[in-house]
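Q: Sequence:
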Amino acid sequence: MLLACEYAKTFPAFHQLKEFDQRILLSQVVGMILILLQAFCSLEQKSEKLIFPDGLDALSFQLTRFDHRFEDYFRENYCRPIALIRNCGMEKQHYILMKAILLFTPGLCDLSPEGQKIVDNERARLCCCLHRLLISQYGEAKGVAKFGKYLMMVESFVRFNEKKRSHLEMSVILNKVVMTPLGDEIYLKRHFKYNK
1 MLLACEYAKT FPAFHQLKEF DQRILLSQVV GMILILLQAF CSLEQKSEKL IFPDGLDALS
61 FQLTRFDHRF EDYFRENYCR PIALIRNCGM EKQHYILMKA ILLFTPGLCD LSPEGQKIVD
121 NERARLCCCL HRLLISQYGE AKGVAKFGKY LMMVESFVRF NEKKRSHLEM SVILNKVVMT
181 PLGDEIYLKR HFKYNK
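To convert, note that position 44 of the sequence shown is 44 in full-length UniProt numbering; the numbers rise steadily by one, no gaps.
Read the hints as simulated data drawn from the structure, not as lab findings.
Here a beta-carbon is modelled for each residue, glycine too, at the ideal position from N, C-alpha and C.
Hints are not guaranteed to be accurate.
What the hints assert, rightly or not - For each label pair, taking beta carbons as the anchor points, the in silico distance ranges come out as:
1. C88 / L108: 21 to 29 Å
2. F20 / T64: 34 to 42 Å
3. S156 / F20: 27 to 35 Å
Full structure from sequences and hints, please.
A: Shown next, in the form of structure tokens:
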């Protein structure tokens with residue numbers, strides 16, 4: 001999670017945002033970035049299910065910790081993102097651009113009007129880069145079709161992220177998970193708690 005926050009700082013557009021807008025943006029997108037990162041790394045390891053960078057089989061680990069009623073949730077969130085990126089034929093260059101696009105895809109949130117404009121402009125710029133890359137690699141028809149798949153994938157990642165957030169909120173209530181202050185602010189959107 002910390003690395004995803006540091007990743008955001010590498011973008012000049014992120015630094016154009018006011019601090020409060022930065023916090024709101026991160027609370028919306030860090031989860032999606034982590035889901036994409038973990039899914040792409042798992043795909044590179046030729047795994048059908050999520051493998052954490054340290055080699056831990058995330059699905060098996062979670063299924064031993066939680067009641068069987070959560071199995072559908074874990075199977076969807078730990079296997080479906082990998083299937084989506086595999087079906088799109090995601091390559092490393094596409095992954096890099098998609099990660100940047102996700103950073104600037106906060107969905108509905110309370111960004112200031114100035115912040116929303118900065119985010120929208122950066123997302124449009126990044127989408128244009130991906131679009132041009134895909135057309136240069138696959139030609140007009142295939143490139144546009146692949147670009148459409150990637151845009152639809154973004155919506156899926158927004159849904160995965162919201163499900164993950166809901167699950168974490170419930171897990172905190174049930175004392176199954178203890179969140180760090182950063183996780184509390186990012187995942188549980190408690191960005192007001194740490195304002196000075």
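Q: For each hint, tell me whether it holds in the structure or not.
A: Here is how each hint holds up against the structure:
Distance hint check: the CB atoms of C88 and L108 are about 25 Å apart, consistent with the given range 21 to 29 Å. In this structure the hint that F20 and T64 lie 34 to 42 Å apart at CB holds, the actual value being about 40 Å. Range check, S156 to F20: about 28 Å between beta-carbon atoms, so the 27 to 35 Å window is met.
When held up to the earlier numbered hints, the structure conflicts with none and fits them all.
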